[in-house]
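Number of protein chains: 2
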Amino acid sequence: MLSKKTKYGLKALTFIARSESDMPVQVSLIAKSEQIPPKFLEGILLTLRKSGILGSKKGKHGGYYLRHKPSEIKMTDVMRVLEGPIAMVPCVSLNYYEKCDDCPDENLCSVHKLMVQVRDNTLKVFRNTTLADLSNTNV
Amino acid sequence: MLSKKTKYGLKALTFIARSESDMPVQVSLIAKSEQIPPKFLEGILLTLRKSGILGSKKGKHGGYYLRHKPSEIKMTDVMRVLEGPIAMVPCVSLNYYEKCDDCPDENLCSVHKLMVQVRDNTLKVFRNTTLADLSNTNV
DNA sequence: TGTATTCCCTACTAAATCGATAGGGTTAAT
DNA sequence: ATTAACCCTATCGATTTAGTAGGGAATACA
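First to last, the protein sequences are chains W and S. Add 2 to a position in the first sequence, counting from 1, and you land on the number used in our numbering. Add 2 to a position in the second sequence, counting from 1, and you land on the number used in our numbering.
Any given hint could turn out to be false.
A pair holds if it fits inside one copy or across any two, identical chains being indistinguishable in the list.
Heads up, simulated PhoX-like pairs for lysine-lysine below, C-alpha to C-alpha not over 25 Å straight-line [said to hold, decoys possible]:
#, residue 1, residue 2
1, Lys126, Lys34
2, Lys6, Lys115
3, Lys101, Lys7
4, Lys41, Lys6
5, Lys62, Lys101
6, Lys59, Lys101
Hints are computed from structural coordinates only; laboratory data are not their basis.
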């Protein structure tokens with residue numbers, strides 16, 4: 003299941019990408035527009051900022067803004083920040099690899115074989131999709 | 003993340019498919035061979051039996067057996083029984099569809115668009131894979 | 001300089017899920 | 001009758017998830 007965190011995060015990023023002006027967008031506005039609990043969203047955007055996807059400005063007229071053009075923000079990066087590993091099992095993860103306790107030989111493991119395929123296909127989607135695709139922005 | 007339940011279930015099915023004889027295979031044997039907690043595995047095989055994928059025989063020399071040839075057991079079915087919906091969000095699920103509370107229009111939802119693609123690709127893998135592929139059985 | 005606004009950060013909590021165990025009931029072979 | 005096996009329900013501890021609380025720090029602007 004996709005976590006609410008990821009879902010809200012994607013919606014927020016889309017919202018920011020669609021906002022016309024160059025002004026930073028406030029948490030409160032996004033929360034209201036997208037029906038997201040404000041305090042919860044605050045934490046999510048904080049995570050996205052720490053990962054370098056968003057920038058922020060404090061104080062009056064502050065808010066969050068994209069650090070790159072929507073077309074340069076890949077879903078692989080966003081998903082890894084929000085949802086964690088893309089693979090369904092650690093022994094198949096590119097970025098968070100971990101050996102299984104059971105399983106003497108990965109190459110003989112039926113689960114491994116199947117999950118590699120799922121990972122590759124999911125990765126293909128995330129690699130070919132940017133925030134511009136999500137937000138219908140052409141930039 | 004793939005649940006242990008699914009992982010164990012897939013390993014158990016593979017084990018049964020690979021077992022040469024036509025005799026039912028006992029939980030205890032699978033548990034020992036695949037390093038799975040026996041009681042936990044018991045519940046999993048029960049689920050697979052209730053769903054019609056496995057059959058069982060009680061009493062001495064009892065155990066579990068496949069109800070169909072490995073090449074006829076599709077991963078779509080197995081995964082739905084063990085892991086639940088294949089889609090990452092209910093609003094994208096074919097078999098367990100549910101509308102989102104937020105989200106006035108699905109067709110405009112950026113998350114929806116992305117998750118449809120992931121679902122389609124995952125589904126493609128599961129539809130094209132059978133237990134025969136997992137177990138290297140040619141039947 | 002003061003004040004409102006906005007992000008920043010930590011801690012906490014309720015509920016759900018997961019992984020696993022316990023313990024007995026039922027059926028079938030010998 | 002005994003034993004081997006599945007059948008079924010309940011329970012439990014740990015972890016994760018979704019969300020809340022509350023105060024701190026920076027900035028705009030009067």
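Structure-based check of all given hints:
| no. | hint | result |
| --- | --- | --- |
| 1 | Lys126 - Lys34 | neither (33 Å within a copy, 37 Å between copies) |
| 2 | Lys6 - Lys115 | between (29 Å within a copy, 16 Å between copies) |
| 3 | Lys101 - Lys7 | between (27 Å within a copy, 18 Å between copies) |
| 4 | Lys41 - Lys6 | within (13 Å within a copy, 33 Å between copies) |
| 5 | Lys62 - Lys101 | neither (49 Å within a copy, 37 Å between copies) |
| 6 | Lys59 - Lys101 | neither (41 Å within a copy, 36 Å between copies) |
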